[in-house]
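Residue numbers (my numbering), protein chains in the order written: chain A, 3 to 332; chain B, -5 to 220.
No wet-lab data here; the hints were simulated from the structure. Heads up, the beta-carbon is just placed ideally off N, CA and C, and yes, glycines get one too. Do not take every clue at face value.
[Unchecked claim] Some chain B residues judged to face chain A by a derived CB distance under 10 Å, without partners named:
hint, residue
1, 8
2, 30
3, 34
4, 35
5, 37
6, 38
7, 40
8, 41
9, 42
10, 43
11, 44
12, 45
13, 49
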Amino acid sequence: MKTVSLLGVASYLPERVVTNDFFAAGAATRKGMFTAPTTRRHVAPGESAADMIEKAATRLLAEQRLRAADDIDILFTNVSVPDQAFTGCGAEVAHRLGARPRWIVDLHNGGCVSFLHMLELARLMMSSSDARGALLCNVQNAAGRVFSHPEVRLESQAPVPGDGCGVGFVAASDAAPILGIVHESHGGFARDMDAAARDGRRYWEPGTSPITIRFTDERVAAIIDRGNRIVPEMVRRVCREAHVRVEDIDLLITNQPNPIFLRNWREALELSRHKHHDTFDRYGNLFGAALPINLEDALREGKLRAGALLALGGFSHAGDYAAAALIRLG
Amino acid sequence: MPAPEERERAGGVPAVDPRGLASITGLVRCEEYDREALGEQITELTHTVYPHHDVYGQIVTVHAHVDCPPARVFDYMADPLSLLEWTYSVRELRPANEPGVLVGVDAGRTPIYVRTVACREALTVDYHCAWDQGDELWMVYLNRIVPAETVLKRPGSVVIWSNLRHPYYDANPFPELSKPGREWVGDWWPFFYAGHTIELANLKAIVEYRYRNDLPPGPMLRAVTP
């Protein structure tokens, strides 16, 4: 397999900062799975996923001195609530950036850890072609699009999600090599999370009750147990396969569903709080955008020096997919 | 408070009189504490891993399924001389001055005193022990034998062994009885989970082997001249 590197990340956060008084009374004092962050961002009503990616990617390309027209051979997108139900926004993004990718892949799986799913696919595609550069784009826009509805925002899970966009540039290079990626699918858990309306209609059927995204109630205990175990297992596995020790990880970045999972994961891996970077209290659950956004945040805070060992990990939805990756920074 | 028969005569099902709990704070009961609030507490309390000290710092409980009927496990455990077989280092047990108390030697020829308190009906066997003296037996090993058929729907027994951290574990109350330079049993508390697990595995292996091979339960002893 070709040596492939994650050269850089950039993020865009929507302007609108939403505080806890927007949600049901008592949201700020809730604990457990539905612990509310202090703030989170919501996308503006007319703001599209393509708008968000354009902002983040334009900055990334400038910072990395890349030319969209020449350097992006593969373009990946993953959007939690797609602009169009029937297709992804990759083609529009390519057009707006002036890129001419040979492959556009609009992923609709991998959820909160789809950044690693895209990273793995980029590595595989580069290994079997002469493609040299890939742009990975994650958009989380469910907070403003779903959880801001006057009825839905009163639900207990509504304060948790927050919107944002994170993008990463991957190149066939040994500047910041990916040491390993592991992932696994658990199809048996795929139906434990759904988008549903109170009146029982499907999302494509007409009706007036709003759509919400939720865990199926009867599976909550199983989902918590699974979430607690699955991420530390994946991080340990990628370390084992790359022949590095868990304690040698300089920084761990995971998806950030809630502070309980974050606490349990770092405890299970025996990593100090300082070695596990998150932005939950500011941005809430960023779904798939958490990995690139938190990575940029950590870099900005100077938490990663040259040569540092970075571990990325997480699980998606109710546990239908989990992945971890190790990167040696340049 | 009416007697149960009286309550029954009055008809209906018994319900809690709220006055009985009104002044007790901190109770978590569904009447005042909804499922969501309970869920918050439960997730806060549930970790993926627990530090050894949090789990075993104050009480060590080990347990094992033993493929042997409960009555037979009870008989074996209720005989204190079985300790000669399944413990790592309790040996040479003989009657001490106090009736019902045996004295033997433990690691490093330390005197160990044991009183066995067994209850056949409850299937409990407790060993009240101490190093160096038999007047205050403060190292108490609580054992409960549970019919596996009842709790696991399988034959055999479950042995649950608990040991609580008596304050004497932290400081030898009778240092004058100790030989100079000897380690104190309580210094080994952090390793009691391992030690008890190993000894319980001995118990399981001995009891199962004899039951499986139709041998007397034991202990198998022979007379020795001191």
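Evaluation of the provided hints:
Given hint, residue 8 of chain B at the interface with chain A, is violated; its Cβ is 31 Å from that chain's nearest Cβ, farther than 10 Å. At a threshold of 10 Å, the smallest CB-CB gap from residue 30 of chain B to chain A is about 6 Å, leaving the interface hint in force. For residue 34 of chain B, the suggested interface contact is upheld, since its CB lies about 4 Å from the closest CB of chain A, less than 10 Å. At about 7 Å, the closest approach between the beta carbon of residue 35 of chain B and any beta carbon in chain A falls short of 10 Å, and the interface hint on this residue holds.
At its closest, the beta carbon of residue 37 of chain B sits 4 Å from a beta carbon of chain A; the interface hint therefore holds under the 10 Å criterion. A least Cβ separation of about 6 Å between residue 38 of chain B and chain A falls short of the 10 Å threshold, and the interface hint therefore holds. A distance limit of 10 Å between C-beta atoms decides the matter here; for residue 40 of chain B the minimum to chain A is near 7 Å, and the interface restraint holds. Hint on residue 41 of chain B holds. Least Cβ distance to chain A is approximately 5 Å, under the 10 Å limit.
Because the smallest distance between the Cβ of residue 42 of chain B and any Cβ of chain A comes to about 4 Å, under 10 Å, the interface hint for this residue holds. The interface hint given for residue 43 of chain B holds, since its Cβ lies 5 Å from the closest Cβ of chain A, which is under the 10 Å cut-off. Annotation: residue 44 of chain B was flagged as interfacial toward chain A, and the flag holds, the nearest CB pair being 8 Å apart, inside 10 Å. Given hint, residue 45 of chain B at the interface with chain A, holds; its Cβ is 8 Å from that chain's nearest Cβ, closer than 10 Å.
A distance limit of 10 Å between C-beta atoms decides the matter here; for residue 49 of chain B the minimum to chain A is near 13 Å, and the interface restraint is violated.
Consistency note: the structure conflicts with the earlier hints numbered 1 and 13.
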